[in-house]
Amino acid sequence: MKLRRRQRERLSLGLQYLVFIAIIATVLVAADWDRLADAFFRVDIIKSMFPTIITVALRNTILYTLGAFAFGLVFGTVLALMRLSRVAPYRWVATAYIELFRGLPALLVLFLVGYGIPIAFPEREIPGGVFGSIAIGLGLTAAAYMAETIRAGIQAVPKGQMEAARTLGMSHFTAMRTIVIPQAFRIVIPPLTNELILLTKDSSLAYVLGVTAQTIEITKFGRDMLNDRVNATPLLVAGLAYLVITLPLSQVVRRLELRYAKAR
Amino acid sequence: MTTVSSRPAVEIRDLHKSFGPLKVLKGIDFEVGQGEVVCVIGPSGSGKSTLLRCVDLLEEPTAGKIWVNGVEMTDPDVEIDAVRRGIGMVFQSFNLFPHLTVLNNLTIAQRRVLRRGRVEAERVARDNLERVGLTDKADAFPAQLSGGQQQRAAIARSLSMEPKLMLFDEPTSALDPELVGDVLTVMRKLAEDGMTMMVVTHEMAFARDVADRVVFMDGGVVVEQGPPQEVLGAPKHERTRAFLSRVLDPTHVAQLGGPDRTGPQSAG
Numbered sequence: 002m003k004l005r006r007r008q009r010e011r012l013s014l015g016l017q018y019l020v021f022i023a024i025i026a027t028v029l030v031a032a033d034w035d036r037l038a039d040a041f042f043r044v045d046i047i048k049s050m051f052p053t054i055i056t057v058a059l060r061n062t063i064l065y066t067l068g069a070f071a072f073g074l075v076f077g078t079v080l081a082l083m084r085l086s087r088v089a090p091y092r093w094v095a096t097a098y099i100e101l102f103r104g105l106p107a108l109l110v111l112f113l114v115g116y117g118i119p120i121a122f123p124e125r126e127i128p129g130g131v132f133g134s135i136a137i138g139l140g141l142t143a144a145a146y147m148a149e150t151i152r153a154g155i156q157a158v159p160k161g162q163m164e165a166a167r168t169l170g171m172s173h174f175t176a177m178r179t180i181v182i183p184q185a186f187r188i189v190i191p192p193l194t195n196e197l198i199l200l201t202k203d204s205s206l207a208y209v210l211g212v213t214a215q216t217i218e219i220t221k222f223g224r225d226m227l228n229d230r231v232n233a234t235p236l237l238v239a240g241l242a243y244l245v246i247t248l249p250l251s252q253v254v255r256r257l258e259l260r261y262a263k264a265r
Numbered sequence: 024m025t026t027v028s029s030r031p032a033v034e035i036r037d038l039h040k041s042f043g044p045l046k047v048l049k050g051i052d053f054e055v056g057q058g059e060v061v062c063v064i065g066p067s068g069s070g071k072s073t074l075l076r077c078v079d080l081l082e083e084p085t086a087g088k089i090w091v092n093g094v095e096m097t098d099p100d101v102e103i104d105a106v107r108r109g110i111g112m113v114f115q116s117f118n119l120f121p122h123l124t125v126l127n128n129l130t131i132a133q134r135r136v137l138r139r140g141r142v143e144a145e146r147v148a149r150d151n152l153e154r155v156g157l158t159d160k161a162d163a164f165p166a167q168l169s170g171g172q173q174q175r176a177a178i179a180r181s182l183s184m185e186p187k188l189m190l191f192d193e194p195t196s197a198l199d200p201e202l203v204g205d206v207l208t209v210m211r212k213l214a215e216d217g218m219t220m221m222v223v224t225h226e227m228a229f230a231r232d233v234a235d236r237v238v239f240m241d242g243g244v245v246v247e248q249g250p251p252q253e254v255l256g257a258p259k260h261e262r263t264r265a266f267l268s269r270v271l272d273p274t275h276v277a278q279l280g281g282p283d284r285t286g287p288q289s290a291g
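The listed protein sequences derive, respectively, from chains A and B. Using this note's numbering, the letters of the first sequence correspond one by one to residues 2 to 265. Using this note's numbering, the letters of the second sequence correspond one by one to residues 24 to 291.
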């Protein structure tokens, strides 16, 4: 007997649900939940991680991320403006920098900043100690990525905006600062959010600089606990701690985009 | 600067402008007197918008000289930002700043360029919004306005800088037909108030009623100019006549044998 179109659709969808439920059920039944809970969800270990994971590790992760993002944003904007400059050497320098630092692993750059600068300038210290080293080390790489994003944002602002600003008597710099760049940043909020979330996770590279109990961040904290207790529970908690940062962040950005939508 | 009022508002001598190999302006001599309203008409590609943009130095002339209110714009050392304060420019695409409210569109240059305080800038802005009939739109964003309202806000933005000369680059070409009238009314009022205006336009009725002088351009040169009743009513040149018949009576172009229609369309 031939099925009608709607019957065929219902049958097809029903089969898909069935397969999905079967897979979940198999995993649920087959998994050894007691052993899993013992390896990843020991309540006593979770308890012992608080409050340090919040007051020290989470706090430091946020600080390192914001520091690197702020450095990258400022430096990235400068690089973007250099890329768009009429002065050819500015363009060359910016292009060379972007190509170089986009190609190097963030870990390597962080290492070079953390150990190279103290060797090059033995008399001086990087301002802010470990925090400063991480902000600069991660920010140098982030700036290269952000520069290209910001450049694209500036170029996406219609040419007429700059012309209108200039005909009102604004200098090129004033027009850039008050008219073009504010609009460019609204355009690049989504890709910059991406960069911020990537930086949140890259902040786990801080361990190469040898962090202490005061400067420890989430991943290192989780790994230390893992070694200490010979149990994987700290990794689960560390993972959740990152989500505590990134999920609200996405929400805030979504709000921000909605607010700017009417001013487009 | 003492000679400002005695010289023409705009003086152009032997202006040439090329974009790469394309010659757009081929030797323009042109003046706009103080308080005069000049309408520039001509087919698309005739160079009229380029001429207007050269006056404000949005396009760099290839050769020739331009003076605005006695200041030579083509002098490489011209203080361009200072000169532009005295020139208002209105674009076909409005170019309001979309991230600012209408009021802030009108105050930002006053504050950043003229260094006016907030209170004074907002007073000037509101006066000019009243002039163009947009008092109730001060706190709206440009995207919330109709095209006609946006263009009137753009005119008010230019007027807030108290320019001596206003340049209009096809100000109604991007508007729906029923919104054109509001913008033209604002421009007519401005002309009646004695503003010096140079208007590139396709609105022949506006040119006929408001202009002191109409300039017809074609192929990068000024073909003829004079009072509107002469240029529009009794054109001397064949090119002017052909252009006007195409603009004023577009459905009968084929019968008149316009230059861009060479044969009957059924011939293919």
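Among the hints, a few may not be true.
Stated by the list, open to error - Below, a sample of chain A positions facing chain B; criterion: calculated Cβ distance under 7 Å: (1) A97; (2) L169; (3) T175; (4) Q184.
Keep in mind the hints are simulated off the structure, nothing from the lab. Cβ coordinates follow ideal geometry from the N, Cα and C atoms, glycine included.
Against the structure, the hints come out as follows:
| no. | hint | result |
| --- | --- | --- |
| 1 | A97 | 30 Å, violated |
| 2 | L169 | 4 Å, holds |
| 3 | T175 | 5 Å, holds |
| 4 | Q184 | 5 Å, holds |
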